[in-house]
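Trainee: Throughout the sequence shown, residue numbering follows full-length UniProt numbering, covering 1 to 592 in sequence.
Note that these hints are calculated values from the structure, not bench results. Among the hints, erroneous ones may be present.
Straight-line distance between alpha carbons at most 25 Å, and here's what the computed BS3-like set of lysine-lysine pairs gives [said to hold, decoys possible]:
1. Lys566 to Lys403
2. Lys518 to Lys566
3. Lys518 to Lys559
Simulated restraints, written as ranges between beta carbons of each label pair [claimed, not checked]:
4. Gln127 to Ile506: 47 to 57 Å
5. Leu591 to Ala14: 21 to 31 Å
6. Gly36 to Gly227: 23 to 33 Å
7. Gly280 to Thr153: 14 to 24 Å
8. Gly280 to Ala546: 37 to 47 Å
9. Pro524 to Pro278: 50 to 60 Å
10. Pro191 to Asp440: 39 to 49 Å
11. Asp304 to Thr122: 34 to 44 Å
12. Gln116 to Ala188: 38 to 48 Å
13. Arg123 to Ala547: 24 to 34 Å
Quick caveat, the model's predicted, so the values are computed rather than measured. For each residue, glycine too, the CB sits at the ideal point set by N, CA and C.
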Amino acid sequence: MNPRAVLAECPLFARLGPVALDALAARCELVELPSGRTVIEQGTVCESVWIVAAGRLSAVLTDGTVAGAIARLEPVGEISALSGEPSVASVHAIRDSLLLRIPANHLYAVVSQHPQALIEMTRVIIQRLRDNQRARHLERQRQMRCFAVVPATPAIDAVAVARQLASALSVTAACQPVLIDAAAVDAALGPGLSQTRIDGGEDNRRLVEHLNRIEAERTHLVYVAGGDADPWARRCMRQADRILFVVDTQTPAIATAMVDELRRCGARAPVDLVMLRPGGAQPDEVLRWRERVGAGSHYYVRRDHDSDYASLARQLTGRGVGLVLGGGGARGFAHIGLLRALRELQIPVDLVGGSSMGAFFAALVACGYDHHEMAHIARETFVRQNHLNDYLFPTIALIRGRKFVRRLREIFDEQHIEALRTPYFCVSTNLTRGAAVVHDRGPLYLWVATSMAVPGVAPPVVWRGELLCDGAVVNSLPTDVMQQLERGPIIASDVSTEGGIAAPGIEGPDPEGLLRMKGDDERPRLFSIMFRTATLTSESGTAQRAARADAYLRMPVSKVGMFDWKRMDEVVERGYEHAIEQLTPLVGRLLG
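Whole structure, please, built from the sequences with the hints as guidance.
Mentor: Okay, here's the thing in structure tokens:
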């Protein structure tokens, strides 16, 4: 690999003149960095600038938070090296990587002889700092390029899974992915070369150069491990930006040779489960499998279902559309209109989450209901029948909530969140600790009910000795939770109201002003006052939550009360018209 060619492609140095590039390349060194190895320690001043020639690095803060990934041709350590200040993060290799090292003192010598080079580099650094952080975050997600498909047991046809994934990638990422298995390596380099051990030998060097060359020429690679836990399987795991561990849903979460190899290989790439799940089958072992292999997430695919693999490909490459639905009682009917608009605009929903009423409609999306079916369920639940009238003497809450919980159980049955084909989460508020709780596993109906338990209206849910209630108390629009999943662009539907509740026309101060208001349509009701009081803290953070969305829709639901159930059709139509207007110009950007 030619160091000067790497410098010329790196955005930090691409605008330098030929003479400056030659001078810079004269002292560069190519360094192999095995998966898991640290290149920069947090708190130290960088004595070199590093450029990723092949592979992928990760920057991690002191509290363990991943600050970001560093992909091919991106620099790392440049700000510390130029400023002389300690690095704010540690940087280590996610996979076996090849780095270009530029000693800081050599960089200083070059820029002192070529001042224009320093100006050009500074411009690039400043531009990167000014760039929209959400756009940069999304772009980093889309730099995932190398995937390893690894079968949990020899009985799994990993090649078939890899082929369907590659086919989906060719459409989703507009590329021609390359499948690399042991046979392909042996055909290119000679019999048995795929089984070369990862060491410093000549055969290993040839194999690494071969794989790096393919990676430089193609945008996406899919490594395929065979059924045996051999050196090729280990290399697949260490070459990947993401490891896809393929499991059949009917197989118990047992220790296998490949599971042991995954633990031993030293790869730092994130691991995801790909669950082969026939229609109607229940994945009873999914959480045990996730724990056994250390998977951060799981995906369900059916053999020969292109739509399943299309969604998988979108989420793996930062193009999965995440939908976040906010809380707001009857105003949440606007979400039904949004779902109708998404369908007409052919914008897929790959994962979904919500809070309070948004948790309810998000759960319906995750269960596969379309907007027609949602409207029917919502009408039966909130308009035609009153499931919120099992009143109590108000020592804890106004209603018992038993009727509503029973209704949710009728709708969602015994489904568990982790078994939903569409990834789903909802948010509740821990009153004991004053913090948000994210629910991504467990009984769907129960956690939806918890996310909708308005303090004072319904009793809090007791869990492990603590009290949980409506998620909108602390997070009415959980775009932060969706962003942490790092699947792609986020569409957020906000049905909170600007300005809140008021008593127009009353000058006051008048302690009984509300009691004397004559217009029932204008007078704030008890439930609305209680909900507004409970969610003041949450609504104060709306701007920050909106900034995390790639498409933020503040629905036109002003003057719609929390419990104006009879206005359902009007609110649905408002949501639809607003969504069509706002999303139509954004379709291309959302689909990547």
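Trainee: So, for every hint listed, does it hold in this structure?
Mentor: Each hint tested on the structure:
1. Lys566 to Lys403: holds (20 Å)
2. Lys518 to Lys566: holds (21 Å)
3. Lys518 to Lys559: Given that 25 Å is the threshold and the Cα spacing comes to 17 Å, the pair holds.
4. Gln127 to Ile506: 47 to 57 Å: holds (53 Å)
5. Leu591 to Ala14: 21 to 31 Å: holds (29 Å)
6. Gly36 to Gly227: 23 to 33 Å: Distance hint for Gly36, Gly227 holds at roughly 25 Å.
7. Gly280 to Thr153: 14 to 24 Å: Hint holds: Cβ distance 22 Å, inside 14 to 24 Å.
8. Gly280 to Ala546: 37 to 47 Å: Taking Cβ atoms as reference, Gly280 and Ala546 lie about 40 Å apart, which means the hint holds.
9. Pro524 to Pro278: 50 to 60 Å: Holds - the Cβ-Cβ distance for Pro524 and Pro278, about 52 Å, lies within 50 to 60 Å.
10. Pro191 to Asp440: 39 to 49 Å: holds (47 Å)
11. Asp304 to Thr122: 34 to 44 Å: Between Asp304 and Thr122, where Cβ atoms are some 54 Å apart, the hint is violated.
12. Gln116 to Ala188: 38 to 48 Å: holds (43 Å)
13. Arg123 to Ala547: 24 to 34 Å: holds (26 Å)
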